[in-house]
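Read top to bottom, the protein sequences are chains A and E.
If you read the first sequence in my numbering, its first letter stands for residue 1, the second for the next number, and so on.
If you read the second sequence in my numbering, its first letter stands for residue 1001, the second for the next number, and so on.
Quick caveat, the hints were computed from the structure, so don't treat them as lab data.
None of these values were measured; they are calculated from a predicted model.
Check the hints yourself; a few may be wrong.
[Said to hold, decoys possible] Derived BS3-like pairs (lysine-lysine); straight-line CA-CA distance at most 27 Å:
#1 A:13 to E:1038
#2 E:1054 to E:1106
#3 A:57 to E:1005
#4 E:1071 to A:57
#5 A:57 to E:1056
#6 E:1106 to A:57
#7 E:1071 to E:1054
#8 E:1038 to E:1106
[What the hints assert, rightly or not] Here are the simulated distance ranges between beta carbons:
#9 E:1053 to A:14: 46 to 52 Å
#10 E:1053 to A:62: 24 to 30 Å
#11 E:1069 to A:79: 30 to 36 Å
#12 E:1058 to A:16: 31 to 37 Å
#13 A:113 to E:1041: 42 to 48 Å
#14 A:62 to E:1045: 27 to 33 Å
Cβ atoms here follow ideal geometry from the backbone N, Cα and C, with glycine treated the same way.
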Amino acid sequence: KAGVTQTPRYLIKTRGQQVTLSCSPISGHRSVSWYQQTPGQGLQFLFEYFSETQRNKGNFPGRFSGRQFSNSRSEMNVSTLELGDSALYLCASSLAPTGAEQYFGPGTRLTVT
Amino acid sequence: DQQVKQNSPSLSVQEGRISILNCDYTNSMFDYFLWYKKYPAEGPTFLISISSIKDKNEDGRFTVFLNKSAKHLSLHIVPSQPGDSAVYFCAASAKRGGADGLTFGKGTHLIIQP
Chain A
1 KAGVTQTPRY LIKTRGQQVT LSCSPISGHR SVSWYQQTPG QGLQFLFEYF SETQRNKGNF
61 PGRFSGRQFS NSRSEMNVST LELGDSALYL CASSLAPTGA EQYFGPGTRL TVT
Chain E
1001 DQQVKQNSPS LSVQEGRISI LNCDYTNSMF DYFLWYKKYP AEGPTFLISI SSIKDKNEDG
1061 RFTVFLNKSA KHLSLHIVPS QPGDSAVYFC AASAKRGGAD GLTFGKGTHL IIQP
């Protein structure tokens, strides 16, 4: 069974721009969560989607948003990029909503200059 | 305020010996705990989990122990192998299947020495 895939793997953007990251979960998984990983803060929960509905959201500003499609694929959008948004963005999928074992993709490395 | 703490940023263990990685948590609502392993340039890989109704769970070379009264869990790897060198993250959830995201510790870099 194919794992979680994320595109693109690497991205360079400038301050003020917006970016969209994509995640395809493992086949049959309906829950998709997004995390931000930075050296200083570690892995931080952004939000979770299950059956196209956002179930929970972490402590991030409204510039961070997401959505999930009927095929469970998910996108994450960051508007008005700031230097501090440079991070590895990880997507994870699971069969059930949060709390079950989550399986991570390789991440998208975003660099904001 | 860190709710999940891994106080050892790194740990060096000789090949063949036991590796013990520790994790402490402060939120008494956490009732499901997971360990993930991460290699550079890859996403975390799920290793093993434990529910708060248990105090031990084993899977091959990996065993997780949970001490609820101390709010402490540990991951034992026996015997340690070179391929175990990675960063290990402890994670916790307030309710299995519930609406809270996983809360991660900052990780422990395990180095297995030949």
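How the hints compare with the structure:
1. A:13 to E:1038: 26 Å, holds
2. E:1054 to E:1106: OK: residue 1054 of chain E and residue 1106 of chain E at ~24 Å, within 27 Å.
3. A:57 to E:1005: Satisfied, since the Cα-Cα distance of roughly 21 Å is no more than 27 Å.
4. E:1071 to A:57: Since the Cα atoms of residue 1071 of chain E and residue 57 of chain A sit roughly 25 Å apart, the hinted pair holds (cutoff 27 Å).
5. A:57 to E:1056: Violated. Residue 57 of chain A to residue 1056 of chain E sits at ~31 Å, over the 27 Å cutoff.
6. E:1106 to A:57: Holds, because 20 Å separates the two Cα atoms, which is no more than 27 Å.
7. E:1071 to E:1054: 13 Å, holds
8. E:1038 to E:1106: 12 Å, holds
9. E:1053 to A:14: 46 to 52 Å: 50 Å, holds
10. E:1053 to A:62: 24 to 30 Å: 38 Å, violated
11. E:1069 to A:79: 30 to 36 Å: 46 Å, violated
12. E:1058 to A:16: 31 to 37 Å: The hint (31 to 37 Å, Cβ to Cβ) is violated, given that residue 1058 of chain E and residue 16 of chain A are roughly 51 Å apart.
13. A:113 to E:1041: 42 to 48 Å: 21 Å, violated
14. A:62 to E:1045: 27 to 33 Å: Between residue 62 of chain A and residue 1045 of chain E, where Cβ atoms are some 32 Å apart, the hint holds.
Of the numbered hints given earlier, the model fails hints 5, 10, 11, 12, 13; all others are met.
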